[in-house]
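Novice: Modelling step: build the complete structure from the supplied sequences, incorporating the hints.
Keeping their order, the protein sequence lines are chains U and W. Residue 248 in our numbering is what sits at position 175 of the first sequence, and the numbering runs on without skipping anything. Residue 1214 in our numbering is what sits at position 266 of the second sequence, and the numbering runs on without skipping anything.
If you're looking for bench data, these hints aren't it; they were derived computationally from the structure. A few of these clues could be false.
As the list claims (entries may be wrong) - Listed next, the in silico BS3-like pairs over lysine-lysine satisfying Cα-Cα at most 30 Å (straight line): (1) U:LYS127 to W:LYS993; (2) U:LYS127 to W:LYS1247; (3) W:LYS1083 to W:LYS1151; (4) U:LYS127 to W:LYS1264; (5) W:LYS1135 to W:LYS1151; (6) W:LYS1151 to U:LYS127.
Said to hold, decoys possible - Sample of chain U residues facing chain W (criterion: CB under 8 Å; computed from the structure): (7) GLY130; (8) VAL132; (9) GLY133; (10) ARG172; (11) ARG205; (12) ASN291; (13) ILE314; (14) ALA315.
For each residue, glycine too, the CB sits at the ideal point set by N, CA and C.
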Amino acid sequence: MTTTRWRQRVSSLMAILTAAAAGSVILPLVLIFGFLLWQGAAAINVDFFTHLPKPVGEVGGGMANAIIGTLILLGLASLLGLPIGILGGVYLAESRDRRLPWIVRFLADVLNGVPSIVIGIFAYTLVVLPMRRFSAVAGGVALAVIMLPIVVRTTEEMVRLVPASLREAGLALGVPEWKVVLRVVLPTARAGIVTGAMVAVARVAGETAPLLFTAFGNRFWHQGLDQPIAALPLQIFAYAIAPYDDWHRQAWAGALVLIVLVLAVSLMARLVTRGRVGAVR
Amino acid sequence: MTSRRLVVGLLTALLLASTFGVGPATAQLLINGAGATFPYPIYSKWFDEYAKISQRVNFNYQSIGSGGGIRQITARTVDFGATDGPMTDEQLKSAPGELFHIPTVVGAVVVTYNLPGNPKLRFTPEILADIFFGKITKWNDARIKDVNPGANLPDQPIVVVHRSDGSGTTYIWVDYLAKVSPQWEQKVGRGTSVKWPAGLGGKGNEGVAGQVKNTPGALGYVELAYAIKNNLPAASIRNQAGRFVEPTITSTTSAAAAAAAEMPSDFRVSLTNAPGRDAYPIASFTWLLVYREQPDEVKGKAIVNFLWWAAHDGQKYAADLLYAPLPAPVVKQIEAKLRQVAYQGRPLLAAQ
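Specialist: The structure is reproduced here in structure tokens:
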């Protein structure tokens, strides 16, 4: 009898502990978001979304150029990073060769661990110096390089999850292998691949370090992909360390907009993949 | 299924649209520059005002620090650079073309501190050097008391704050200490970053101002505007003539006036420890860096036109932002210099 009660107590204690641990996982996000809402919401107004920044120390203005700049950079990074990442992931999962996929997988994991500032310097050397100018393209390349390992690895995992029986069914009907991959394997794994892509986009949306020496920042509207471009994280960084109260206010607002953007991308990923998990059995 | 397709389609369309030209497409000329943080407030004011006058040209300036400005203009990744510590002969030699230093305004580096009630304090150069050497460690040190009779100086350690990054403001500061203290010149020397004998580091003028503001007993050096904007005190310093001078626009101007008389033709002159009764001793020009031979005719023309405007009409914005305007003789010299900036040998400046 006592042992039963003892076991029940331990059980409920552990239940509480694990629940508390699970709660503490979401606690930082809730706190961050709450703090941002508290600090940033008051600073958001129409000007913030429609106006260019004011000169140093003057009150008012907005971050419209930085919001558009971030969208453009994400678009560029996706155009460069997603096709390569997805095709590479498919190769890793489908190839019968042993050595190359192993090397690629290993190096992708290493690349995933490379600090983003180093990737910024890489893009500076590869794109900025030969072009002799900072540019949106350079920023897009830097972000794409950060996205690559994430996309490659998630795509590979998702394609691996596609049951062999599906492939065999296709092959048994005389469908060529490339067609099986294109028409059977990829559609089946699509939801997972899209999620991976969205996670990668959300991951790079807030990157500041790789943009410092590539996208560079721009006080004006976007003027072409070969020109420097504004980005929200850069603007937040510059405003947050300046000694002006109005800039601090706008930095909070910028941070709020950025996190809402990331949340929207994540939600979109959930929406796209809703109900698709069951398809892969 | 269809709704999912729709979402994917919409996303793709959004990506493509955002990449290729959402936003007011402008056929404007964008000129990019980077460098010093010290003159950033006045530069951003100028570029804003100039954009109103010259509708087609936009100047984009990123304040990444003097060291970064020199590096980027040397790599030709920007159209102009900016620095408050003049480039060394070696740096000039390593640049791919002849670089001009064009002075824009004069600024002051001030000694700021955090004490109860923030009394107005006075310092001699010797005391400052010894504080930064870590030899004077207490606020109620007899030597500080001597020059500040009546000031309420607590028995508290002095927390020295200096810059942690490569900085033109640091260059001005240590250039001054090297001039007034032979020991400093020997042991620490000059540079945009040096091996500090004592103290904590802060990033940028804003970082030092923040640390001083938050640390009781702290003492550091920042550009004048950063002290004023943060409601921090600025000490009077004894100049060469033996008078204690407060950092103001007037005292900064007189520091520049003395140097203007013997300005070298490349403008690389130090204003620290300037002679003159009313001269504040820790002042400096700040420079824009441009290539004599411009690689792009249209951009080059826009740059020299802007520099001409900055040296004349632009000067009236300086005082509001706590910078001293350029002395008239220096403006004359700048005019001559700007006439030498050329594209394929042809001067770019329209006849003025």
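Novice: Return the status of the interface hint for U:ARG205: holds when the least beta-carbon distance to chain W is below 8 Å, violated otherwise.
Specialist: holds, 5 Å
Novice: How about U:GLY130: closest beta carbon in chain W under 8 Å, or not?
Specialist: holds, 6 Å
Novice: Have a go at the U:GLY133 hint: is there a Cβ in chain W nearer than 8 Å to its own Cβ?
Specialist: With a closest approach of 12 Å, the U:GLY133 hint is violated.
Novice: Between W:LYS1083 and W:LYS1151, is the straight-line Cα distance small enough, at 30 Å or below?
Specialist: holds, 24 Å
Novice: Should the interface hint for U:ALA315 be scored as holding, given a Cβ-Cβ cut-off of 8 Å against chain W?
Specialist: It holds, given that the least Cβ distance between U:ALA315 and chain W is near 6 Å, below 8 Å.
Novice: Against the 30 Å threshold, does the CA-CA distance of W:LYS1135 and W:LYS1151 hold or violate the hint?
Specialist: Holds - the C-alpha atoms of W:LYS1151 and W:LYS1135 are around 24 Å apart, at most 30 Å.
Novice: Is the shortest C-beta separation between U:VAL132 and chain W less than 8 Å?
Specialist: This interface hint is violated because 13 Å lies over the 8 Å limit.
Novice: Below or equal to 30 Å on CA atoms is what counts here, so check U:LYS127 against W:LYS1264.
Specialist: Distance ~19 Å between U:LYS127 and W:LYS1264 Cα, so the pair holds.
Novice: Taking 8 Å as the limit, does the beta-carbon of U:ARG172 come near enough to a beta-carbon in chain W?
Specialist: violated, 35 Å
Novice: Can you confirm whether the C-alpha distance between U:LYS127 and W:LYS993 stays at or below 30 Å?
Specialist: Between U:LYS127 and W:LYS993 the Cα gap is close to 9 Å, so the pair holds against 30 Å.
Novice: Once the shortest beta carbon distance from U:ASN291 to chain W is found, is it less than 8 Å?
Specialist: holds, 5 Å
Novice: For the pair supplied as a hint, W:LYS1151 and U:LYS127, confirm whether the alpha-carbon distance does not exceed 30 Å.
Specialist: At roughly 24 Å apart (the allowed maximum being 30 Å), U:LYS127 and W:LYS1151 satisfy the hint.
Figure legend: structure checked against the earlier numbered hints; hints not met, in rising order: 8, 9, 10.
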